[in-house]
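There are 2 protein chains.
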Amino acid sequence: MDNLIMNIRQLIRLSPEEEEFVSRLFTESVLKPGEYFLEEGKICRSVAFIEKGLLRYFVTQDGVEKTIYFSREGEWACNYRSFLPGVPSDTSIQALEETVLRVISYDGLQRFYREVAEGEKFGRVAIEQVFLTSIEQVRSLYADGPAQRYQQFLSAYPDLAQRIPQYHIASYVGVKPQSLSRIRKRLANSQGG
Amino acid sequence: MDNLIMNIRQLIRLSPEEEEFVSRLFTESVLKPGEYFLEEGKICRSVAFIEKGLLRYFVTQDGVEKTIYFSREGEWACNYRSFLPGVPSDTSIQALEETVLRVISYDGLQRFYREVAEGEKFGRVAIEQVFLTSIEQVRSLYADGPAQRYQQFLSAYPDLAQRIPQYHIASYVGVKPQSLSRIRKRLANSQGG
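So the sequences go chain by chain: A and B.
With our numbering applied, the first sequence corresponds to residues 93 to 285, in that order.
With our numbering applied, the second sequence corresponds to residues 93 to 285, in that order.
The shape of chain A in the complex, shown without the other chains (with noise of 0.2 Å):
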């Protein structure tokens, strides 16, 4: 069974036959490091199961990205604010490695709803997940420190630290790369004693 499948079953129960319906809506999509799932600017029209690889989302505020998230394999990728509304994004989503994608439409995504027996179930229970991140993020944003905001990343994401630039890493936790180095130092050494 592939990894979209398991993830699915993890929150539904599926039929045999469901699941042969599931994987057709889906497409295969691979990006090299670089590419883009979605550009500021475009219209989100599909929801992307992550089945190898790793997202990096960003905004540009005055010529300067500034990352917001990541999400990598065994997640699902997509800028709600503009596939529900259908509007163009605010948010640009980009490979930092090569990423293999299981892809689906707006209208694939509605048939799945529909057509499979807890498929509502499953689209509540997938968004429900994504927003508990969404709003620890908001939380931490607003009450941590970049310190603190720094181990909390790496207590998320522990196999991330080495797969992502520390520049990219510096912009999420909100400092500049010199100020991250500088927390990195502290750590270690704390760490040491």
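This list has only true hints and no planted wrong ones.
Heads up, the list lumps identical chains together, so a pair's fine if it works in one copy or across two of them.
Derived lysine to any residue pairs resembling SDA-like cross-links, with alpha carbons at most 20 Å apart:
| no. | residue 1 | residue 2 |
| --- | --- | --- |
| 1 | Lys124 | Arg164 |
| 2 | Lys134 | Ala235 |
| 3 | Lys158 | Pro238 |
| 4 | Lys268 | Val156 |
| 5 | Lys268 | Glu157 |
| 6 | Lys144 | Gly166 |
| 7 | Lys144 | Ser115 |
Don't read these hints as lab results, they were simulated from the structure.
Starting from the structure of chain A, add chain B where the hints point.
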């Protein structure tokens, strides 16, 4: 028809029997200004529809309250990060005005999802709506300066500027009250000229 049922009917179909069933799942609760729907450290055991009134969400960091969100009549209130996993809340939700809530328990909500024909769809679409608000807030916290954040607050909630004390709005925008005063003066001058 009451506001609660009208709100649900904007998202899904309800038969007259389902309407009665759903109404019975909710109980009414009235908060005076300053009273809490949820206190930090307690587990959020219910979701509330706000019939009337206004709630403020805040976290406490080094003894300072940081206002992270508002919700008001016609909207839903909950801390999902406590409610879904059943863990203590890191966020408090407090009434700023006399607030009339229609409250549903965790088990009641599961019955709604299961026993109403379009119950799961209601759950999906209702969470999609709050999710959109949340990811917009993340984008704004990364990309927007304080003046932009204040203007977005005004355009999203034109009536709330009069209903919420300025120091809570300043906290939400992420600045000191004096800075918010300056932003407001600049805006007033630029609109006047």
